[in-house]
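Starting from the structure of chain A, add chain B where the hints point.
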Amino acid sequence: MKIVSALAGIVVKELYRRKDFYVLFVLTALVTVMMASINFFHDKSIAGYLKEACLWLIWVSALVIAIVTTARQIPAERENRTIFPLLAKPVTRNQVVLGKFGGCWLATGIALVVFYVFFTIVAGTRENQWPIVNYLQALWLQWMMLAIVIALALLGSIVFAAPSSNSTICFVIVIGILLVGGHLDQVALRQSEPVRTITYALYFLIPHLEWYDVRQLVFFEQGLVPWSACGLATLYAAFYSAMLLLATWILFRRKALNL
Amino acid sequence: MHAIVELKNLRVEYKAPSASDGKKVAVKNLNLQVRAGEVFGFLGPNGAGKTTTMNVLLGFVNATGGDAFLFDVNVREPIARQRIGYLPELTYYYKFLTAEEILRFYAKIFGIERSVAEQRIDKLLKLVELESARKRPLKTYSKGMQQRVGLAQALINDPDLLVLDEPTSGLDPLGRMKVRSIIQRLKNEGKTVFFSSHELGEVETICDRVAIINQGELKVEGPVAELVAKHQANLEQIFLNFIGYQPELAA
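Each protein sequence line maps, in turn, to chains A and B. The first sequence begins at 25 in the working numbering and counts up one residue at a time. The second sequence begins at 1059 in the working numbering and counts up one residue at a time.
So that you can see chain A by itself, here it is in the shape it has in the complex:
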């Protein structure tokens, strides 16, 4: 466990010593503050739209941080050859995979907390309401979803040599699931065999990331997701992340270290 936490610590350190996170945060903050400073037609509901825009930016930024940070981890270790002094220590490849996953997930979690604190302040000052529990639940669910995304990007980093191709493919998959994943069962009904079975199989196989998107609840102030559903969603994310990490380890354990 000490090895995994040491490896995770390095990933977190790398994130806050690079500029990616700061650029995304400043960009999100600037866009939100600019929007907040404009009072369109004295419309009070503008605060709701502002919240939606800010949450959307947080979702995009968090996805960018999670995928880009994860996609470069193992390829960078191989390319810079830092993997050699590391594996010359009593470190297994399994621990490397877990350490990288833990580090990326933790780093993304820290970034999410910063984003949500900013969001809470902006939304709170405009609406004079502080639904902290709702925001905490939205943060938690988003972080769980990012666990699956990070595990997917880690698997991609073993399959694809270039981090850029891995990042692009991960973005396409994640955005695809978020947009159409929940409708695949409806699509399957309109298909003839064997496409119907394939579409159904795909519907049951893919991780349903859209379940973690509670932005509409936050936006329309519709209360909390039941805690039991939240717990199940956490278990669901843990299961998919574990499966993806297992696949990553199976591929990585026999992988040649030289690029």
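Treat each hint with caution, since some may be false.
[To be verified] Covered stretches of chain B, as calculated for chain A (at least 3 residues, CB under 8 Å):
hint : segment
1    : 1107-1119
2    : 1152-1159
3    : 1216-1222
The hints are simulated quantities; they were obtained by calculation from the structure and are not laboratory data. Quick caveat: nothing in here was measured; it's all calculated off a predicted structure. No residue lacks a Cβ here, since even glycine has one placed at the ideal position from N, Cα and C.
Relative to chain A, chain B alone:
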């Protein structure tokens, strides 16, 4: 004396880049023993199989046949690497970390207690003369300084065996002298050192025993003094003779 490194009929094959070439044999049934407390020089021309052998010992590459042991533990077990320190040919460390951070990281990997680790980091940075630069990121270090950080990280667990892959490669004379004196000091402390080098003069000075391999095969092995006396030549001439170099053909 007890063998710390043991290779038994070690064979490593890999796929040649072009499919028509089939499999390439990098190491052919290599048998070797490195005993406790000795400095062992592992010599050979480029492509002889030195790095491949070291890669097997360090668990980077799996042997196709035979066995390799460190402290009587098969190298396939990660625990075999608990008591070794490794310095790669070129320094490969996280450039965004400082020298003390990288040492702290590796100390944590070995499960060394924080207070012990801090004492050891101070001692090692003093040994490699990097005390004043300890808080600077590694990306600002010169090549020689990075190599010395590499040596410090190889010693963080107070290893019984040091595996050094061309430790003085690419260093200026001062850097070489510093690395050499550190190896000498480790030898005096009773550490076992297994290292590859192309600097034969250096090997002759530091090593107790050497092995010369060429095209994956062991050509000769023995104490340096014994080889020099037996062949009535210096180590460089012995090396050239065993790798089949013929000056008249080269000319």
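Against the structure, the hints:
1. 1107-1119: holds (count 3)
2. 1152-1159: holds (count 5)
3. 1216-1222: It is violated, with 1 qualifying residues against the three required.
The structure fails to meet hint 3 from the earlier list, while all remaining hints are met.
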